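Mind docking chains B and Z on chain H? Use the hints.
The residues making up each chain are set out below.
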Amino acid sequence: MNIWRGHFFSLAFVAAGCLLTGCNKSSPGPNAGGDVIKVGEYGSLTGSEASFGQSTHKGIQQAVDEINAAGGVLGKKIELHTEDDQSQAGQAATVVRKLISSDGVVALLGEVASSRSLEAAPICQQSGIPMISPSSTNPKVTEVGDYIFRVCFIDPFQGTVMANFATKTVQAHTAAVLTDVKSDYSLGLAKFFKEQFLASGGKIVDEEKYSGGDKDFNAQLTAIKAASPEVVFVPGYYTEVGLIALQARQLGINVPLLGGDGWESPTLIPVGGKALEGDSFSTHFSADNTSPEVQAYLTTYKKRYNETSDAMAPLGYDAMMILADAIKRAGTTDGAKVRDALAATKDFKGVTGNITIDPNRNASKSAVILTITNGAIKYIQTVAP
Amino acid sequence: MNLNLRHAKTGLLGALALCFLVTLFSKFINPYWLYILYDIGINIILAVSLNLINGYTGQFSLGHAGFMAVGAYTAGVITNQFGQLNAFASGGVFLGALLAGGLMAAVAGLLVGIPTLRLKGDYLAIVTLGFGEIIRVILQNVDSVGGARGYSVMHGWTNFFWTFGLAAVTVYVIASLVNSTYGRGFIAVHDDEIAAEAMGINTTKYKVSAFVIGAFFAGIAGGLYAHSKQYITPGGFGFMQSIAFVVMVILGGMGNTVGVILAAILLTLLPEGLRFLAGVQQIPGVTKMYPLSWVGDTRMIIYSLLLIVLMLTRPQGLFAFKKRQR
Amino acid sequence: MTELLQQLINGLALGSILALIALGYTMVYGILRFINFAHGDVFMLGAFAGFYLAPKIATFVPLPSVAGALIIFGLSMVICAALGVLIERLAYKPLRKRPKLTVLITAIGVSLFLEYAGQFFFGAANKKFPDILPTWPVTKVLGLSVNSNQLIVLAVTLLLLLGLRFIVMKTRMGRAMRAVSFNPEAAALMGVNTDIVISFTFALGSALAAAAGILYAINYPSIDPLMGIMPGLKAFVAAVLGGIGNLPGAALGGIIIGVTETLVSGYISSTYRDAIAFAILIVILLVKPSGLLGKKEVEKV
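Residue numbers (the working numbering), protein chains in the order written: chain H, -10 to 374; chain B, 68 to 393; chain Z, 2 to 302.
The hints are simulated quantities; they were obtained by calculation from the structure and are not laboratory data.
None of the values given here were measured: they were computed from a predicted structure.
Idealized CB from N, CA, C, for every residue including glycine.
One should not assume that every hint holds.
[Stated by the list, open to error] BS3-like mimics (lysine-lysine), calculated; alpha carbons at most 30 Å apart, straight line:
1. H/Lys292 - Z/Lys129
2. H/Lys326 - H/Lys292
3. Z/Lys128 - H/Lys47
4. H/Lys367 - H/Lys47
5. B/Lys187 - Z/Lys101
6. B/Lys272 - Z/Lys101
7. B/Lys94 - H/Lys129
8. Z/Lys57 - Z/Lys129
9. Z/Lys129 - B/Lys187
10. H/Lys291 - Z/Lys128
11. H/Lys292 - H/Lys338
12. B/Lys187 - Z/Lys289
13. H/Lys326 - B/Lys94
14. H/Lys292 - Z/Lys57
15. Z/Lys289 - Z/Lys101
16. Z/Lys296 - H/Lys263
17. H/Lys367 - H/Lys157
18. H/Lys292 - Z/Lys128
19. H/Lys263 - Z/Lys57
20. H/Lys65 - H/Lys291
21. H/Lys338 - H/Lys66
22. H/Lys367 - Z/Lys94
23. Z/Lys98 - H/Lys47
24. H/Lys263 - Z/Lys128
25. B/Lys94 - B/Lys272
26. H/Lys326 - H/Lys47
27. B/Lys94 - H/Lys27
28. Z/Lys129 - H/Lys367
29. Z/Lys296 - Z/Lys94
30. Z/Lys296 - B/Lys272
31. H/Lys367 - H/Lys192
32. H/Lys47 - H/Lys129
33. H/Lys65 - H/Lys326
34. Z/Lys129 - H/Lys291
[What the hints assert, rightly or not] One side only, chain Z facing chain H, incomplete, derived with CB under 8 Å:
35. Leu15
36. Ala126
37. Pro222
Just chain H, with the same shape it has in the complex (with noise of 0.2 Å):
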């Protein structure tokens, strides 16, 4: 078996790689002009994350109708080009790269999952195209360069929100936490619960995990049973929260359980039922809120989609009228000036809140605390960043 008998074959090979590494820099796609304005979206629309990928492309989709029939942005209307990532690693990059070189969006919007984010940003980043996560949560996403930003909450803010109501108002002294290890926005959130938790006092008695996707919890909230904590924190996503909630109490679990916006959806209380009594989150908005912004976000998304909006889809309609907003005050579509457009938002009134864009291109923003009563959700309070 003498395959490599030309050694001087094998050292051209190599020679002839080591000189073309690194030279692959690809130049940026062409930023069409013409009448309308090109805006990529890409996101989970199947596969395992199709819920929320679905419903932040119904927000998206509701901002841009409503900018277009407004008179859309700089006297042009927006054109959204949305692909399909099918919540499969290595497809983002291949619909980023699409969209950027093939049909010369001016800027994207994307993705939940912060795994996906992180396939795309560099890519955004490397051609000069800003773009914004409606809700990656993960610090290393906008950490990829300055054309990366996000609307939605940074994990220390809400987990240290949680850790105060846990100790403050619930006036727990022992946690149990139970993750979502696949999702960067549980763990994230589980962190800086646990740490502002132990800094206020308090102890956690129980760490258990979990990988979205599961049904059966029963394993781990045996164990949170055997540790008797006062408090439970859940920060994960209601495809989950339900069912957890549900068999929490079925082991006779009767403390309340506390979450984050990932709890917000409405088939939380349908499949919760009366489990969730008395359970609390942290999000955006409540739907008791009379901004007008909110409430006509609301009834607009009901009229649209006959059904109630979850978290994904606000976040969703944010990023883009964030987005319409900077390129109008920008004056341009260059990415660039966008850039600086965005990094310069400020007091935005979006439907999630009042948006400022810090200087690290994350969003700071007030965050309201509901508790579910009498199968309903009731507003509780706010807590400015």
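Just chains B and Z now, with coordinates in the frame of chain H:
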């Protein structure tokens, strides 16, 4: 014999020279299509190397994505230790990292190869699937590479030359191997294991070496993948990925290298082609009228239906032109 | 001690659902020697059939009630049985003489098709499965919590297992099934209509999957089009673990997987759960290559 080996070395040299030229001009290629080309090259390596295990040797591995993951993480961790390097140094580091990834994957292949001594058919399939899943779960629990959240690879060093150069090398090595005197043993194991054993062929050695060699190239493909996407997650190497490679091998016609290459190209392009079909009909300005926009929503349904129809109409493999000579 | 007993109960409830799904895998394998990858998705369709039937049934039988639940069970089992036969006729039958791998890929195609079509038609978001069965308050014995749904899952699984055993061992069709499983050519020569036997096997397996789907949905009342993937994979592992093609083996495998996974999640970490199920499988197969209760196949020269 489906590749004429007399001219194989000339062909390989030609292919490498062509890759070199294309790479020089790659900045004029639309990055979207360029990276689709990288995906094609990576999938060719994976499908051709899996073909050695599943096609030529007649074993049934459902864990190829696991080997790919080992290569991807190994290579990614190695190159992340280096900062910005000049072109020549980075090429050397990259090649070293790819080889290290391949070797680590080969070790994993050895571990999986050992149970093949006792198991066959569906039992072997489920055990290799299990190994793939175990690799994924272990990666999920290693916090230093980001756990379930994934791992950022700094350098986007994968280019046309490396992808297709290494794809050409893979094809060349595996084709030479199965057509060598030594390599006839793989086919003997595939055709009739008991008879092969009776003829004095060490079937154990052949089975294990098929796994080791196949895993080595899968590991290299993983390294290329990591430096093309620049972000890897354990979830991206799940069993659905392994199944995608098995589909390429079967659709190409088991043990038919040319067919498997064509199937890898087709199956990488198919979802993108459907994406294109959905997008091309969007007439700018006429917002509400996208005659084919339903293709966008039903793209993956169409893809799965095409897969079923292809298997029903060409069960011997899409590109099986004639029966392999024995 | 109480915690351990509680975990065992949790595992038993989970395992008995896996056992029901595993039975479908193992039956099809016993007859056709091929892994029906789409089985987990038929399980999903069973749950969705129940979801869409419940409001219709509720118009003439009040829900939740035992009678209503039985009607929903029966109807979705019939719907999925028909679907199973349809899938077999359209996608698998034309390939019956082909290598098993070809059929396996087709089955994967069918599985992907059902998942993506499910996301398209049902929507990707999770749905609340209606309460079709009255629940009794949590029973507390020795500090253990057992809820009525868990008991029902156990009872129904046991009942269906016994029914299945009766069909396979005591009826004409069952005898034909065993004959085809033993030697399809010889059975055909003896006058057994193999096409009908195979269709019947698919109908039976799919009906069991539908029953499992509804039981699962009653226990975990949040359903989505991808809910079949993981239980399907686990049940497949369970079927191989017990010795694929062997009915009691599949049930035993399901229980073992359910209990181990629960114990691992409860005492080690749920993040290792998926790996440990496979690790146990690998160890058992290395010791006993044909599974726990499987018969060793004699190699023919």
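Hints and how they fare:
1. Between H/Lys292 and Z/Lys129, the direct Cα distance comes to roughly 22 Å. Compliance with the 30 Å bound is thereby established for this hinted pair.
2. A threshold of 30 Å between alpha carbons decides the hint, and for H/Lys326 with H/Lys292 the separation of about 36 Å lies outside it, so the pair is violated.
3. This hinted pair checks out: Z/Lys128 and H/Lys47 have alpha carbons roughly 18 Å apart, not beyond 30 Å.
4. Between H/Lys367 and H/Lys47 the CA atoms are separated by roughly 25 Å; this keeps the pair inside 30 Å, and the hint holds.
5. A threshold of 30 Å between alpha carbons decides the hint, and for B/Lys187 with Z/Lys101 the separation of about 13 Å falls inside it, so the pair holds.
6. Pair hint B/Lys272 plus Z/Lys101 holds up; C-alpha atoms about 26 Å apart against a cutoff of 30 Å.
7. In summary, the hint linking B/Lys94 to H/Lys129 is supported, as the alpha carbons are separated by about 29 Å, within the 30 Å threshold.
8. Between the alpha carbons of Z/Lys57 and Z/Lys129 the distance comes to roughly 16 Å, so the proposed pair stays at or under 30 Å and holds.
9. This hinted pair does not check out: Z/Lys129 and B/Lys187 have alpha carbons roughly 43 Å apart, beyond 30 Å.
10. Only pairs whose Cα atoms come within 30 Å are accepted, and H/Lys291 paired with Z/Lys128 is accepted, the gap being roughly 18 Å.
11. Proposed proximity of H/Lys292 and H/Lys338 is supported: the alpha carbons are some 22 Å apart, at most 30 Å.
12. This hinted pair checks out: B/Lys187 and Z/Lys289 have alpha carbons roughly 13 Å apart, not beyond 30 Å.
13. Distance restraint check for H/Lys326 and B/Lys94: the Cα-Cα separation of roughly 26 Å lies within the 30 Å cut-off, and the hinted pair is therefore satisfied.
14. At most 30 Å may separate the alpha-carbon atoms for a hinted pair to count; H/Lys292 and Z/Lys57 meet this at roughly 26 Å.
15. For the hint linking Z/Lys289 to Z/Lys101, the alpha-carbon distance of about 23 Å falls within 30 Å, and the restraint holds.
16. Between Z/Lys296 and H/Lys263 the alpha-carbon distance is near 50 Å, which puts this suggested pair outside the 30 Å criterion.
17. Of the pairs offered as hints, the one joining H/Lys367 and H/Lys157 holds, with about 18 Å between alpha carbons and a cut-off of 30 Å not exceeded.
18. As the CA atoms of H/Lys292 and Z/Lys128 are separated by approximately 20 Å, the hinted pair is consistent with the 30 Å bound.
19. About 25 Å separates the Cα atoms of H/Lys263 and Z/Lys57, which keeps this hinted pair within 30 Å; it holds.
20. The suggested pairing of H/Lys65 with H/Lys291 holds, with an alpha-carbon distance near 27 Å, which does not exceed 30 Å.
21. Distance hint between H/Lys338 and H/Lys66 is fulfilled; the C-alpha atoms sit about 22 Å from each other, no more than 30 Å.
22. Annotation: proposed proximity of H/Lys367 to Z/Lys94 is violated, straight-line Cα distance about 57 Å (limit 30 Å).
23. A distance of roughly 48 Å separates the Cα atoms of Z/Lys98 and H/Lys47; the hinted pair therefore is violated under the 30 Å criterion.
24. Pair hint H/Lys263 plus Z/Lys128 holds up; C-alpha atoms about 17 Å apart against a cutoff of 30 Å.
25. Of the supplied pair hints, the one linking B/Lys94 and B/Lys272 is violated, its CA atoms being roughly 46 Å apart against a limit of 30 Å.
26. Of the supplied pair hints, the one linking H/Lys326 and H/Lys47 holds, its CA atoms being roughly 28 Å apart against a limit of 30 Å.
27. At roughly 24 Å between alpha-carbon atoms, B/Lys94 and H/Lys27 fall within 30 Å of each other, so this suggested pair holds.
28. With a CA separation close to 22 Å, the supplied pair Z/Lys129 and H/Lys367 stays within the 30 Å bound.
29. The hinted pair formed by Z/Lys296 and Z/Lys94 meets the criterion: a straight-line CA distance of about 27 Å does not exceed 30 Å.
30. For the suggested pair Z/Lys296 and B/Lys272, the alpha carbons sit about 27 Å apart, so the restraint of at most 30 Å is met.
31. As the CA atoms of H/Lys367 and H/Lys192 are separated by approximately 28 Å, the hinted pair is consistent with the 30 Å bound.
32. At most 30 Å may separate the alpha-carbon atoms for a hinted pair to count; H/Lys47 and H/Lys129 meet this at roughly 26 Å.
33. As the CA atoms of H/Lys65 and H/Lys326 are separated by approximately 17 Å, the hinted pair is consistent with the 30 Å bound.
34. Among the hinted pairs, Z/Lys129 with H/Lys291 is consistent with the structure: their alpha-carbon atoms are about 19 Å apart, no more than 30 Å.
35. With a least beta-carbon distance of about 5 Å to chain H, the hint placing Z/Leu15 at the interface is held under the 8 Å criterion.
36. At about 4 Å, the closest approach between the beta carbon of Z/Ala126 and any beta carbon in chain H falls short of 8 Å, and the interface hint on this residue holds.
37. Checking Z/Pro222 against chain H: minimum C-beta separation of about 6 Å stays under 8 Å; hint holds.
Checked against the numbered hints listed earlier, the structure breaks hints 2, 9, 16, 22, 23, 25; every other hint is satisfied.
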